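Engineer: So the chains spell out like this:
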Amino acid sequence: DAKTTQPTSMDCAEGRAANLPCNHSTISGNEYVYWYRQIHSQGPQYIIHGLKNNETNEMASLIITEDRKSSTLILPHATLRDTAVYYCIVRVDPGTYKYIFGTGTRLKVLA
Amino acid sequence: DVKVTQSSRYLVKRTGEKVFLECVQDMDHENMFWYRQDPGLGLRLIYFSYDVKMKEKGDIPEGYSVSREKKERFSLILESASTNQTSMYLCASSPPYFSGNTIYFGEGSWLTVV
Chain A
1 DAKTTQPTSM
11 DCAEGRAANL
21 PCNHSTISGN
31 EYVYWYRQIH
41 SQGPQYIIHG
51 LKNNETNEMA
61 SLIITEDRKS
71 STLILPHATL
81 RDTAVYYCIV
91 RVDPGTYKYI
101 FGTGTRLKVL
111 A
Chain B
1 DVKVTQSSRY
11 LVKRTGEKVF
21 LECVQDMDHE
31 NMFWYRQDPG
41 LGLRLIYFSY
51 DVKMKEKGDI
61 PEGYSVSREK
71 KERFSLILES
81 ASTNQTSMYL
91 CASSPPYFSG
101 NTIYFGEGSW
111 LTVV
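Here the protein sequences line up with chains A and B, keeping their order. Per this note's numbering, the first sequence starts with residue 1, numbered consecutively. Per this note's numbering, the second sequence starts with residue 1, numbered consecutively.
You can take every hint at face value.
A few chain B residues that don't get close to chain A, going by computed Cβ distances all over 10 Å: (1) R14; (2) V19; (3) V24; (4) D28; (5) V52; (6) G63; (7) S75; (8) E79; (9) S82; (10) N84; (11) S87; (12) V113.
Computed footprint of chain A on chain B; a stretch qualifies when at least three of its residues, placed anywhere within it, have a C-beta under 8 Å from a C-beta of chain A: (13) 38-49; (14) 103-109.
The hints are simulated quantities; they were obtained by calculation from the structure and are not laboratory data. No experiment lies behind these values; they were computed from the predicted model shown. For each residue, glycine too, the CB sits at the ideal point set by N, CA and C.
Working from the sequences, and respecting the hints, build out all of it.
Structural biologist: This is the structure:
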């Protein structure tokens with residue numbers, strides 16, 4: 001199964017960039033990497049996804065290594081409202097509908 | 001705006017009760033999912049459905065069943081609730097599988113079984 005590994009927790013100072021790493025060494029060649037976040041007591045919120053190239057949207061940037069075995073989510077100017085659990089996920093394999101969530105990274109943005 | 005609505009935000013049920021958790025999506029998505037979320041365990045897939053009346057077991061289907069009679073509605077059923085089913089339940093939906101399609105979640109239903 002394609003699985004992801006993330007650090008359990010991270011701190012980041014408000015206004016600084018938050019860089020959240022994820023390892024997905026068993027990802028299939030045509031599988032996307034997705035990032036979601038979950039603020040306490042709410043459902044997960046989609047942030048960004050990518051395949052091979054780096055991606056950027058209004059929320060974040062996603063950097064994927066050339067071998068696709070790892071990626072980094074970047075929140076360029078973290079705010080207190082970015083405090084959440086961040087999940088990096090991949091689909092198990094193209095033939096299923098399973099998105100496998102790990103335990104995520106608990107990001108705390110400090111004032 | 002994309003919307004997945006779960007009918008109950010907080011429920012308290014007794015052991016042995018039959019519990020229904022309802023989910024409705026307004027995006028005409030083919031796929032719908034039920035996850036449960038527990039501290040330290042992340043999100044675990046219970047069941048998913050890729051079409052009306054079609055369902056597939058996820059990783060932890062024991063003690064649960066599902067129903068999808070209409071495209072927009074996906075129900076999770078606890079036939080006989082037990083205390084170890086106390087959890088947060090998340091419904092989600094997505095378009096058919098093409099690489100890059102994202103999955104959208106509801107706000108969650110907190111179920112306590114006493």
